[in-house]
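Student: Quick note, the sequences are listed as chains B and X, same order.
Just so we're aligned: the first sequence equals residues 1 to 116 in my numbering.
Just so we're aligned: the second sequence equals residues 1001 to 1110 in my numbering.
Hints were generated in silico from the structure; no laboratory data involved.
Beta carbons: idealized from backbone N, C-alpha and C, even for Gly.
Keep in mind that the hints are not guaranteed to be accurate.
[What the hints assert, rightly or not] Pairs of lysine-lysine residues, derived as DSSO-like cross-links and limited to a Cα-Cα distance of at most 27 Å, are as follows:
(1) B:LYS20 to X:LYS1037
(2) X:LYS1102 to X:LYS1037
(3) X:LYS1059 to B:LYS41
(4) X:LYS1037 to B:LYS41
(5) B:LYS20 to B:LYS55
(6) X:LYS1102 to B:LYS64
(7) X:LYS1037 to X:LYS1059
(8) B:LYS64 to B:LYS41
(9) B:LYS20 to B:LYS66
(10) X:LYS1102 to X:LYS1026
(11) X:LYS1067 to X:LYS1037
(12) X:LYS1059 to X:LYS1102
(13) X:LYS1102 to B:LYS66
(14) X:LYS1102 to X:LYS1067
(15) X:LYS1102 to B:LYS41
(16) B:LYS66 to B:LYS55
(17) B:LYS41 to B:LYS66
[As the list claims (entries may be wrong)] Label-pair distances were calculated between CB atoms; the ranges are:
(18) X:GLY1052 to B:ASP65: 41 to 51 Å
(19) X:ILE1011 to B:SER54: 17 to 27 Å
(20) X:GLU1066 to B:ARG102: 29 to 39 Å
[As the list claims (entries may be wrong)] Reference excerpt, derived from the structure (chain X facing chain B, CB under 7 Å, subset only):
(21) HIS1038
(22) ALA1041
(23) PRO1042
(24) LYS1050
(25) LEU1080
(26) TYR1082
(27) ALA1097
(28) LEU1098
(29) PHE1100
(30) GLY1103
For reference, the chains in residue letters:
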Amino acid sequence: GAVVSQHPSRVICKSGTSVKIECRSLDFQATTMFWYRQFPKQSLMLMATSNEGSKATYEQGVEKDKFLINHASLTLSTLTVTSAHPEDSSFYICSARGNGGRSPLHFGNGTRLTVT
Amino acid sequence: QQPVQSPQAVILREGEDAVINCSSSKALYSVHWYRQKHGEAPVFLMILLKGGEQMRHEKISASFNEKKQQSSLYLTASQLSYSGTYFCGTDSISGYALNFGKGTSLLVTP
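The shape of chain B in the complex, shown without the other chains:
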């Protein structure tokens, strides 16, 4: 079964509005979750590392005021795309790793965001 649950799977919003994406780890407590973004036919690019109980760490070029990350519990991280623009349209995927060196990165099912 799914290890990481992501919701919603698809969202269409108007330019200027905000969208919240939820990511839950189901089988384990994730002190750290990772948010990726993928544009069509491109690779998965890390946006930020979400840390439970502390501020997220953003990758270079990712605006922290635009992509708000909250990791309020060991099983839930949220990404809010604020004041969305058409260029924010993308596939957003959250992920989490269990403990141990052989723990894979478990991905949620992703959220397809379309900003009109």
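On the provided structure of chain B, position chain X as indicated by the hints.
Tutor: This is chain X only, laid out in the frame that chain B set:
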């Protein structure tokens, strides 16, 4: 640092073999291989941790060289279901996020 993947794309007939390579300029902690179908999230295939290690997932296998800077994915007797984009993900420190290569698009035809 993004690993380098090659080739960019492969077209195979069912039953043929293919190799996908993933390399880094410095030693890695681990290499993860994923397959992604169009419109879906990546699906984990296998992880390699030790230099010289080989792993297998059904008829797909992978190796990690001794210096831990290069990994190859071997698809043997390919099936139609193997079609998709294959990504290698790498990390230099255990537990950190993975850096993904640009992907290899694989199409298996009847």
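Student: With reference to the structure, classify each hint as holding or not holding.
Tutor: Here is how each hint holds up against the structure:
1. B:LYS20 to X:LYS1037: Judged against 27 Å, a Cα distance of about 25 Å means the pair holds.
2. X:LYS1102 to X:LYS1037: holds, 15 Å
3. X:LYS1059 to B:LYS41: Since the Cα atoms of LYS1059 of chain X and LYS41 of chain B sit roughly 26 Å apart, the hinted pair holds (cutoff 27 Å).
4. X:LYS1037 to B:LYS41: holds, 11 Å
5. B:LYS20 to B:LYS55: It holds: about 17 Å lies between the C-alpha atoms, which stays within 27 Å.
6. X:LYS1102 to B:LYS64: Within the cut-off at roughly 25 Å; holds.
7. X:LYS1037 to X:LYS1059: holds, 18 Å
8. B:LYS64 to B:LYS41: holds, 25 Å
9. B:LYS20 to B:LYS66: holds, 12 Å
10. X:LYS1102 to X:LYS1026: Roughly 18 Å separates the two Cα atoms, so the pair holds.
11. X:LYS1067 to X:LYS1037: violated, 31 Å
12. X:LYS1059 to X:LYS1102: holds, 23 Å
13. X:LYS1102 to B:LYS66: Distance ~26 Å between LYS1102 of chain X and LYS66 of chain B Cα, so the pair holds.
14. X:LYS1102 to X:LYS1067: holds, 22 Å
15. X:LYS1102 to B:LYS41: Holds, at roughly 9 Å.
16. B:LYS66 to B:LYS55: Distance ~14 Å between LYS66 of chain B and LYS55 of chain B Cα, so the pair holds.
17. B:LYS41 to B:LYS66: holds, 24 Å
18. X:GLY1052 to B:ASP65: 41 to 51 Å: Holds, at about 46 Å.
19. X:ILE1011 to B:SER54: 17 to 27 Å: violated, 47 Å
20. X:GLU1066 to B:ARG102: 29 to 39 Å: Cβ of GLU1066 of chain X to Cβ of ARG102 of chain B: about 19 Å, so the range 29 to 39 Å is violated.
21. HIS1038: Hint violated; HIS1038 of chain X Cβ to chain B Cβ min 10 Å, cut 7 Å.
22. ALA1041: Cβ of ALA1041 of chain X sits 4 Å from chain B, so the hint holds.
23. PRO1042: holds, 6 Å
24. LYS1050: Hint violated; LYS1050 of chain X Cβ to chain B Cβ min 10 Å, cut 7 Å.
25. LEU1080: Given a least distance of 21 Å, the restraint on LEU1080 of chain X is violated.
26. TYR1082: violated, 19 Å
27. ALA1097: holds, 4 Å
28. LEU1098: Because about 5 Å separates LEU1098 of chain X from the closest Cβ in chain B, which is inside the 7 Å limit, the hint holds.
29. PHE1100: This hint holds: PHE1100 of chain X lies near chain B, its Cβ roughly 5 Å from the closest one there, short of 7 Å.
30. GLY1103: Nearest chain B Cβ about 6 Å off; hint holds.
The structure is inconsistent with the numbered hints 11, 19, 20, 21, 24, 25 and 26, although it conforms to all the rest.
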